[in-house]
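Once you have looked at the hints, place chains H, D and L on chain U.
4 protein chains.
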Amino acid sequence: MNKPDVVVIGGGVIGCAIAYYLTKRGARVTVLERDRIGDHASSAAAGMLGAQVETSFPGPMVDLCLASRRMFPDLQQELLQLTGLDIEWNSAGMLRLAMDERESGELQQRGEWQREIGEKAEWWSQEQLIQSEPALSSEVKGALHLPGDTQVSAPRLTRAFARGLHILGGKGVEGAFVTGLRVERGRVKEVETSAGSYRPEQVVLAAGVWTRSVARMAGVSLPVFPVKGESLSVQVSEPLFRKTLFGPGAYLVPKPDGQVIVGATERENDTSPGVTLEGLHRLSREALRMVPELSGGNWERSWAGFRPGSPDGLPYLGRVKELSNLYVASGHFRNGILLSPVTGRGMADLLAGLEVPEFHPFSPERGERVTQSGWG
Amino acid sequence: MNKPDVVVIGGGVIGCAIAYYLTKRGARVTVLERDRIGDHASSAAAGMLGAQVETSFPGPMVDLCLASRRMFPDLQQELLQLTGLDIEWNSAGMLRLAMDERESGELQQRGEWQREIGEKAEWWSQEQLIQSEPALSSEVKGALHLPGDTQVSAPRLTRAFARGLHILGGKGVEGAFVTGLRVERGRVKEVETSAGSYRPEQVVLAAGVWTRSVARMAGVSLPVFPVKGESLSVQVSEPLFRKTLFGPGAYLVPKPDGQVIVGATERENDTSPGVTLEGLHRLSREALRMVPELSGGNWERSWAGFRPGSPDGLPYLGRVKELSNLYVASGHFRNGILLSPVTGRGMADLLAGLEVPEFHPFSPERGERVTQSGWG
Amino acid sequence: MNKPDVVVIGGGVIGCAIAYYLTKRGARVTVLERDRIGDHASSAAAGMLGAQVETSFPGPMVDLCLASRRMFPDLQQELLQLTGLDIEWNSAGMLRLAMDERESGELQQRGEWQREIGEKAEWWSQEQLIQSEPALSSEVKGALHLPGDTQVSAPRLTRAFARGLHILGGKGVEGAFVTGLRVERGRVKEVETSAGSYRPEQVVLAAGVWTRSVARMAGVSLPVFPVKGESLSVQVSEPLFRKTLFGPGAYLVPKPDGQVIVGATERENDTSPGVTLEGLHRLSREALRMVPELSGGNWERSWAGFRPGSPDGLPYLGRVKELSNLYVASGHFRNGILLSPVTGRGMADLLAGLEVPEFHPFSPERGERVTQSGWG
Amino acid sequence: MNKPDVVVIGGGVIGCAIAYYLTKRGARVTVLERDRIGDHASSAAAGMLGAQVETSFPGPMVDLCLASRRMFPDLQQELLQLTGLDIEWNSAGMLRLAMDERESGELQQRGEWQREIGEKAEWWSQEQLIQSEPALSSEVKGALHLPGDTQVSAPRLTRAFARGLHILGGKGVEGAFVTGLRVERGRVKEVETSAGSYRPEQVVLAAGVWTRSVARMAGVSLPVFPVKGESLSVQVSEPLFRKTLFGPGAYLVPKPDGQVIVGATERENDTSPGVTLEGLHRLSREALRMVPELSGGNWERSWAGFRPGSPDGLPYLGRVKELSNLYVASGHFRNGILLSPVTGRGMADLLAGLEVPEFHPFSPERGERVTQSGWG
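Protein sequences appear in the order of chains U, H, D and L.
Residue numbering for the first sequence follows UniProt numbering, beginning at 1 and increasing consecutively.
Residue numbering for the second sequence follows UniProt numbering, beginning at 1 and increasing consecutively.
Residue numbering for the third sequence follows UniProt numbering, beginning at 1 and increasing consecutively.
Residue numbering for the fourth sequence follows UniProt numbering, beginning at 1 and increasing consecutively.
Keep in mind the hints are simulated off the structure, nothing from the lab.
Treat the hints with care, since some could be wrong.
Repeated chains share a single entry, so a pair holds when one copy, or any two copies, can fit it.
To be verified - Listed next, the in silico EDC-like pairs over lysine to aspartate or glutamate satisfying Cα-Cα at most 20 Å (straight line): (1) Lys3 with Glu238; (2) Lys171 with Glu293; (3) Lys255 with Glu88; (4) Lys171 with Asp5; (5) Lys120 with Asp63; (6) Lys171 with Asp257; (7) Lys171 with Glu192; (8) Lys171 with Glu238; (9) Lys171 with Glu201; (10) Lys24 with Glu238; (11) Lys171 with Asp270; (12) Lys255 with Glu238.
Okay, chain U solo, but in the shape it has when bound (with noise of 0.2 Å):
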């Protein structure tokens, strides 16, 4: 029987950064991953730390992301010091575009209420656009500038804090799916795996968009659903552009390597495999619409992932009312890669039994409340 402090469910990157940071702290951790670390949505993700981009309205979820974007550039830092890998934290900024009069008065609003809350958001006019990015169609009318919002490579994030866990005495352990949750007095006693059982004190859910599944092992019941997104990549030899650029139907994230990522669909409540013909088509046809000079990149791969939805469109922080040893971290939709940093610090502190204010409106106990997340 095992028995470490603390099991985290899932090894995606929420859940290996919530892992890393207790490890940090000193706890001893194991990380139970059905498949393989960082297989799923965390690589499928596109890296984008979009804090401003895809917010209408300000609020706490903003106000989240901002904090986890603000950590990224240290944690480059560490986890490079660390591990020897580094994330590849792109500081080039954003482009919200417009590619039409409607959408661009609706980016002018929000970057006036951006600017409000102290964040940089300027419009830019189709001359200024194609000046700092020439590749730019000219059906594209002007953009939301926002050089904050940067990116990273989600699937070597995810890498590198399990790395870092790793060479901190934390476990990890692949292809151990959860067949039961055995609980006793308001606890959670044991978890049962295809690869053993363990006795953790306590149990994190970070399991994406099987954490309902799982919970209701427990007699939780958590409404985080499957959002597919499919993706594909093409690798340019030339640098077209160095900025991600994020249109209405598509958006175009630059690789240091020359990728460029084209995502994403969303199909709610989709679990099929792969990609379909008509994602393919809706991402090529987008991509070429923003730049049409893309139309010589050579294709590289198309990949589906499956975002953990909620219903309110915000994350599960914070533990279940129902136990008293069961944390959830789950329902991060778009926005893992993102929050995985401010993720991993909260959890730890709240399962040293510290306060986390931040988390409070993301509480797991707010059931069918409308908060709203202020996305879209």
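Same frame as chain U, now just chains H, D and L:
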């Protein structure tokens, strides 16, 4: 709400075979597959139809295997006509190799009782062997020649069952993982999945190594456990041998396109993904020991799969005693490909209300009774 | 020094077919392949046997194609017997789709002369079409029904020729790129390769798009040029259509395992590796235009190949005039799979000293004579 | 007609490094690559910067290697600044393992002369070894500790050179294989390729194992020959060792993401594609012999590459005597990654008309002179 007649949980070769035979009878069947049809153990198999090669003594298991083996020649024609897919049934037979005196003795005894029950099982001396398969190493001391133990393409067999059932009007849903089984009045009322809910008349559980945890959702205990197997394949340009070569440490299965499958390790209760370096080392060493000329063969692929084992080595075939409409067909261990036709046909009969006497020894109710498989 | 009777330079479908027929006649043949047997254009092909679908007027090219097409039913049996590999000949026929009035008119004319030369080529109205293939879009206005234009698995055909020649005693050497052709007294005396030198009696050049640069090593000029083609494939669970659908912008070739191949772009003199984003966009758009239900098909693979083109659109089949023992079989453009049996058999006859009248119009000596292929 | 200043034939690490340093100097450079940039030997390499580990005696080759090794720390910073790509320079050093008395003796002698020329090379007893790297097998009898022999990511280095040259305005053309070199009045007038023709002022031949056959097109003889190398990699979750372990039968190179590269076999004049079963067997056996705990490592990939060897073991660096504008940089055998910066910088100097004294011993004119590399 979907209301097929039958839901089959599991889209491996067993689930697809059952659904195929049910569809042929006219039932409206839906197969629910967690990932992709045929992606797991069914594709990992080498496709041997070894009814004799691994059995140490006679009994109902051998009888079932022989019955299933006899179905293949007709099945090949039937599936080819219907789907256009050839399952590549290869009738060249098998050699059970002995590397020392002790093994020679054991195999000669095995040959004896097999001949007594009417099967071909001739002992071949080293001289006879070399004449038939000159690429065999001189380390091989003799072999039991089993012309009836033939082989097919495992991925093609699964695919052909799946295509067949689609052509006949059945359905397969990929990416559908079961999240709950709702039981009411002694029967499964609803199968809840990530891809919607189903209310079928009858449910068949054919989920391989995941059988245990799905059964548990309905309160049923089925002690199926995983036995991981690692394999690799090489391509040879010149055909080195024609028969399947089954040695004490590995087997070599030649395919018509020049592929030779080298299998397989056995690791009980290991669900870690991927192939270990030790597995690679063992398989390559044993392959070269049997056929030294394989040294120049081109490595092609390495993979692992998880065979569903059972405590007494026998599959579970039949209705579970706790619920009136839940059937199980699992625990086929290393014989899933071989047993798929007899399992599919028999289960279709059972669900139609017929008696299937040959399944009696494999009742899921047998509990911990120590019947032994005779395998080893 | 290796001294086979014949060296065939090029291990694609043409080279393997020639070597196969030569080996059947008893010649000692070695095929030299730069990479792996069948890795290039032969595996990239969709496998259509389109003798009628693309031809605009009658002539020797159509005759050659029809002659080759007629060889496939027997060839399938022959290769299956010998190798155990089924080339998956599918006799469901082809539909040449018209998307507007102009195309309808042209195709009806094409049907007329094809019927005059004795081939089946019936015009189907939209109503007839929908009855036969209900998944077709209502954008399709009609089609020429070509039941004789069937299809096979291109990779399996190449593989089967290669296995067949090995079984019959021929040799294939992979990774052997030609570094020089030593000419003495009007003949090729030695073929120098990265894998050793050869002094055969006769040399056949069947190197696809590399034909030109190999020929040049012997001082022979053959204006074969590359025409890049991009394709993709999707998997559909339910069979959506049975015939090959050939539209003005792409074609859809259904395979027995549920694969649908969508091909192909044409880029002259483009030898860049890989599939462009524009290619993906075009193919996905055209596929959805013909069969909207393909939208849910699962993308499987994308790939590119290089077809060997010639200035007049006709292949080169015969001896080169400059050297007494150098033969060429190249420039098959989009018809390599279709023409492989007639090319293989005819070249084997030629090398044996027989007359092959049907090859006269394709003599490599024809130079820049403007014979046209009638393809388009 | 394209008229760059310089055409570099070959897009491996050597060609890209040369083009990078030339572009930095302001030259207009085009790299012609037969397949994809960095696809061949450069990606197959393990990335060791072994200036000391394999040399048996001092000389100009060791000096060149040491000079190049010293360039890496600055180069890492330079490429990271310019491209955002980290080449993952790992300074943990190397251990040259001795498995018996004879090897211990030889390595201690090697350490002596290396210390005499000012390099660190300390002998470590078994006790010291186990303290530093406790995962080493007790079969290891001692080791030469070489803290200066570090390592990088070979694919990232090549990629970073390629990205760098693009960012600085250079060009790379993929899929461009050379079909002819037109020589006029003692110089290469035109480089003919499958992707068009070029008339540069200067031509650099850096085509690795294809150098010989391209040189021949210009009538130049360069006896570069292929030495095939097979490798594999495994993933380990816990870091087992930190230094590169170089044993008599294989080497183990640990990467920051948990990958361990196991290399490499040597097969002279073997250009067959792919990894043999024997290669797999050897590498897995030797790896387990050095670090038994690797047995549970997850096999990740196997691959082969072709190192460009030369008769005397030294690279060719300089102008060929026959032609006034043709330079060669090839024959780096196992030291292409290590020697890429010094080769790139030196060749850029040479083409600019400067003297490069350290290249004198490596002149392509040295012919069959028996200078020895000291490698072995």
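Results of checking the hints against the structure:
1. Lys3 with Glu238: between (53 Å within a copy, 19 Å between copies)
2. Lys171 with Glu293: between (46 Å within a copy, 16 Å between copies)
3. Lys255 with Glu88: both (8 Å within a copy, 17 Å between copies)
4. Lys171 with Asp5: Within one copy only: 11 Å inside a chain, 46 Å across chains, cut-off 20 Å.
5. Lys120 with Asp63: Answer is within; shortest intra-copy Cα gap is 14 Å, inter-copy 53 Å.
6. Lys171 with Asp257: Between. Shortest inter-copy distance 15 Å satisfies the 20 Å Cα cut-off; intra-copy 31 Å does not.
7. Lys171 with Glu192: within (17 Å within a copy, 33 Å between copies)
8. Lys171 with Glu238: Close across copies (8 Å), not inside one copy (42 Å); limit 20 Å.
9. Lys171 with Glu201: Close inside one copy (16 Å), not across copies (45 Å); limit 20 Å.
10. Lys24 with Glu238: Cα proximity of Lys24 and Glu238: across copies only (16 Å, versus 41 Å in one copy).
11. Lys171 with Asp270: Result: close only across copies, 17 Å inter versus 32 Å intra.
12. Lys255 with Glu238: Within. Shortest intra-copy distance 12 Å satisfies the 20 Å Cα cut-off; inter-copy 28 Å does not.
Figure legend: structure checked against the earlier numbered hints; every hint is met.
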